[in-house]
Amino acid sequence: MDRQVDVVVVGGGSTGCGVVRDLARRGLDTVLVEKGNLTHGTTGRMHGLLHSGGRYAVSDQKSAEECIEENRVLRDIAAHCVEETGGLFVKRPEDSEEYFQEKLEGCRACDIPVEVIDGEEARRREPYLARDVEKAIALPDGAVDPFRLCVSNAADAREHGARIETHAPVTDVLVEDGEVVGVEIEHETGPGKRVHREPGTTEEIRARHVVNATGAWAGNVGEMAGVDVEVRPSKGVMTVMNTRQVDTVINRCRPKGDADIVVPHETACILGTTDEEVDDPEDYPEEDWEVDLMIETLSELVPALEDARTLRSFWGVRPLYEPPGTGTEDPTDITRDYFLLDHGDRDDLPGMTTIVGGKLTTYRMMAESISDHVCDTLGHEATCDTADAPLPGSESEARMAELMDEFGLRSPVARRSGQRLGSRADDVLDEYDPNPIVCNCESVTRAEVQDAIGEAGSDLNAVRLRTRASMGNCQGGFCTHRIAAELAEEYPEPVVRDAEDELYQERWKGQRHALWGEQLSQAMLNHLLHATTMNRDGDPANLDEEVDFGAFDDGTESPDAGGTAGEAGTAATDGGRASDDAAADGGRASDDAAADGGRANDDAAADGRRASDDATTDGGR
Amino acid sequence: MTRHTEDDGDAGDANGTTETSGGRDTGGCGCGEPAPGVPEAGRDEQPSIFVPDEGEVPEADAIGARGSGSVDSGGAAGDPAAERAATDGGVESASSGSATGGTDSTELDPDAYDPVDVFPGGDLDLREGADSCYKCTSCDTSCPVAEVDDEFPGPKFQGPEQWRLKRKDDHDIDESITSCSNCMRCDDACPSSVPLSQMHNEARGQFVERQMEKLSVEYIRNRILANYHTSASLASMFPRTASFAMNFGPARWAMEKVMGIPKERDFPEFATETFREWWKARGGAKVENPDKRVAYFHGCYSNYNTPEVGKAMVRVYEHFGYEVMVPPQKCSGTPMFANGMLKDARRHAETNVENLVEAIGEGADVVASCTSCSMSLRQEYPELFDLHGIDDLAEHTFEALEYLRIHEDLEGELDAAGGLDDEREFAYHAPCHARNQGLSRQAVETFRDVDGVTMEDVGDSCSGISGTYGWKEEKYEKSMEIGAEMFEHMEDADGEVGMTECPTCAMQMEHGTGYEIEHPLQLLEQTLGA
Ligand SMILES: Cc1cc2nc3c(=O)[nH]c(=O)nc-3n(C[C@H](O)[C@H](O)[C@H](O)COP(=O)(O)OP(=O)(O)OC[C@H]3O[C@@H](n4cnc5c(N)ncnc54)[C@H](O)[C@@H]3O)c2cc1C
Ligand code: SF4
Ligand code: SF4
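Protein chains in written order, with UniProt numbering: chain A, 1 to 621; chain B, 1 to 530.
What the hints contain is simulated information worked out from the structure, not anything from laboratory work. Keep in mind that a hint or two might mislead.
So the derived label-pair ranges between C-beta atoms look like this [said to hold, decoys possible]: (1) Gln-211/B / Thr-202/A: 29 to 35 Å; (2) Glu-411/B / Arg-512/A: 52 to 58 Å; (3) Trp-516/A / His-407/B: 38 to 44 Å; (4) Asp-150/B / Tyr-99/A: 55 to 61 Å.
Sample of chain A residues lacking proximity to chain B, with all beta carbon distances greater than 10 Å (derived) [claimed, not checked]: (5) Glu-94; (6) Tyr-432; (7) Leu-543.
C-beta atoms are modelled at their ideal positions from N, C-alpha and C, and glycine is treated no differently.
All chains should be built: construct the whole structure from the sequences, respecting the hints.
Dropping the structure here:
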């Protein structure tokens, strides 16, 4: 029953998405399988730096050259995923002059355009830089959005006939007669429109070739096929600030070390990182000292970070690979290069190739080389055009100003939407009414949320990654329910509730590492809103028993009559209070009611949440 | 950063008081060596015309007797760019221009800068302010404009959200910022000290600077409203004609049609003798007291329109033995902030700060009779400008009644004075800007126990005029809608005389109810028999 396809690509990170796009464009029948949503692995937990190559210009010039080359390509084909921020390597007094010169030479040798500027000039460009920064090298680092990048790759692949299967982990690699012939996947229950088969069932996908692009998990998949892939996963922390203290990528100009880079990403700044080898890419400790180290050390470059608000922290694992026998001690010394392991040549197991290592910046180049290899193996003649063909969304400049007028969006909202959607903005905003804004912090319109639901189904975390909804200051406190409400038209209530919980939990997870200062207040407010105002932990809709509405005071009986007290003790005391208040307030209460009445209606239209909040409090009155 | 702009010279020349601090022995006769605060020459030492940054403020008589004649005079003043570069620290040289005229980053002293000041062109970077917002929405629920205007997204969006979404290089501010009336109620509502009004002011400044059509009627109208000071000083040269002409006939019609000033509004009457004229004729201060000195910031309105407030201030303060100084001064900037004219405001601030700081140096505290003026000197000045001494000034500034309540035994004095023989009843409205300074109850509390005086607080709603907001035709209805609650409560109150500290609130109260409106200082003068 299961037909054979040309290639199965395992892993929906940047590498896998890049490969499936490339192969699909070359005319091969391809399936991508991913155990979570796209970018579920390292790609969704990386720093967002579009390398200029500067970071590797001394230690690893081959990587540096690849970076600058791909940096140029991505600016071109993925304009809506890239922000051209520029970057600085800054030198503090204690940093070595010799290394500064080496870095400079290295960049020049790798054809990375550089400019040396003095401290004054550096501070003019980035006013929050520390006063004792002596000088800096300016180069074309940038910021890249991994989510948008992967989604665009997958969307393009789908347009070229590929099948994209998320929430479908590979549970086995099929080996027959000493040859890999496909994979077995399990269709997980859980949200997501891409459940093509019955949840809980397994499916065999037979393929002429399997590409293992599971990054830090490559060893696990290798194991399923009976081969060794020595990935040495190494974790790194990233701390997200609430605002952008800098608009340029700031690197510390010293050999290597933890906490040496700040990347402006969308509305935030992301601090990074550490490099610690871990045993299991799924299960490793997330330690507080790592977060403290980020803030402390990077404050040496940007003092304002010390007191600024952090939203959350998250960790990723690098899929570092070492050919057997290299035996490097320190993970920071392991090469950042990528490796293509043809298991036919290597392990005498034809039918599967693993690709590991590398960087997001060079994902396309990695994809090209593995696609070349696969085509070779399959005897398929086709050329690669991924370096020239723009990704969906990057075909043309979005008409920001016009969009704003046309769709009645406020300018920062239109600007953000336009930047996120790129050339798709027109279509998306045309199809749905953009207003109201669903996520205020990140200015995400209803149109974008609906569009993302159309693509990702009921998986609200996937919706979040596509739109940035719930990624601002409130971390979902004020919008998870609004986003979930957008599902309600299409999905049954239990699915909507689960999806809402899942998103809220995911947002909470990252905030655990930022529970001080402002974010602690935020978390507390969120908690009280959800726990008390919305009563989410005791929501009758989630309880098994029917609600005894008779037990509530419906307010029709005169509150001053002590006679009602018999029904319930609490009702009596509350009732008493209410009437006191009413008496004290006198006419004011009714004035307010009148004034509020109009407002509540306005709000209902503009702001679903407020209306429901009001309803709750009003009910209590 | 130099504090001098081109028109400072005029101010100095015209009154000659800025450089006097030693010769105070002549006792304020206005001749010979001038005493502090005593105007020396001219009808009024405040120059009525200054050289603006881009084109002149269209002359006040555009809204006066000559109707719309000078609407197109926007660019007539010649380009003062050359001198400006020399006198203004080169701020203007940045091609992007500057909304605030802040520090020029090219002359940055690495040891003495505040990061928020150093964005190119002097723009403030207020993204940090967004860190304090936890989205509770208290600000939105207390915004009087959001309550009546569905198109207005509210302070949370205008402030922390819009700023957080900003990038260093994008100067795109949403147009809705012009709907904020700068009542600052959101500031007061925020439990987390988000600098909302500072964000609004800066955003509005950037919007007006970069995105507003400079020759548009709206811009010119706003500039005229913002520069009330200029119009008023011209009008008060022919006060009766001006009062008449501005309210009747073709000029009035032209104002509405051409300038967008609502026909329902009556222009305030201009006094036949300004406060400063009176002060000069009086020979300045009657009390000399090096230990108890106040510098009076009268503001434009009590100078040109309600000099009786200024006179009451002088008499009350002299009653308590204070030496009153009246330093040269210009507009406090309140109407300019509300219209995004930060450059105008800054220029005026330079004069004000210089002269008031000098008075502080002579031992005075600064006292204002208008709550918006005191608000501006205390909060907006240090938030928006980086002038020498500006923090000092903020610290030494008080509202007139507030100051007396701090330093004098007002209750005892009022008690001793014995109250009024003829019963008087007032409907008191606390201006929003008084609320922000914690002064919303001061008048009621002061007169609570005074015999013969009944004062009822008409509630905490906004009067709706918010300075110049209610003077714009497109805002008129909203303004009256906001004010409706106050009008209603005024009608309900027993008093038939209104009372408030703010002159524009007073206009609105009068407009909505027909009541006469007094300032607490006038009542204080009366009850003290000062
Ligand atoms: C802390 C940190 C910071 C980084 N910063 C940068 C940077 O700034 N710039 C840059 O260019 N690079 C950066 N990188 C490197 C970059 O993130 C990675 O090289 C890149 O994302 C790897 O992508 P990938 O597709 O190979 O792996 P992944 O993104 O990990 O993709 C593998 C996918 O396989 C899936 N998978 C695993 N097992 C199975 C299974 N059994 N069945 C189905 N699917 C499975 C996983 O869910 C996962 O989605 C950083 C890495 C780290 C750790
Ligand atoms: S200053 Fe007043 S009008 Fe402006 S946003 Fe704040 S509350 Fe609203
Ligand atoms: S009141 Fe303050 S904290 Fe609350 S939403 Fe408004 S700005 Fe944010």
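Checked hints:
no.: 1; hint: Gln-211/B / Thr-202/A: 29 to 35 Å; result: violated, 59 Å
no.: 2; hint: Glu-411/B / Arg-512/A: 52 to 58 Å; result: holds, 55 Å
no.: 3; hint: Trp-516/A / His-407/B: 38 to 44 Å; result: holds, 42 Å
no.: 4; hint: Asp-150/B / Tyr-99/A: 55 to 61 Å; result: holds, 59 Å
no.: 5; hint: Glu-94; result: holds, 18 Å
no.: 6; hint: Tyr-432; result: holds, 20 Å
no.: 7; hint: Leu-543; result: holds, 29 Å
The structure shown violates just one earlier hint, number 1.
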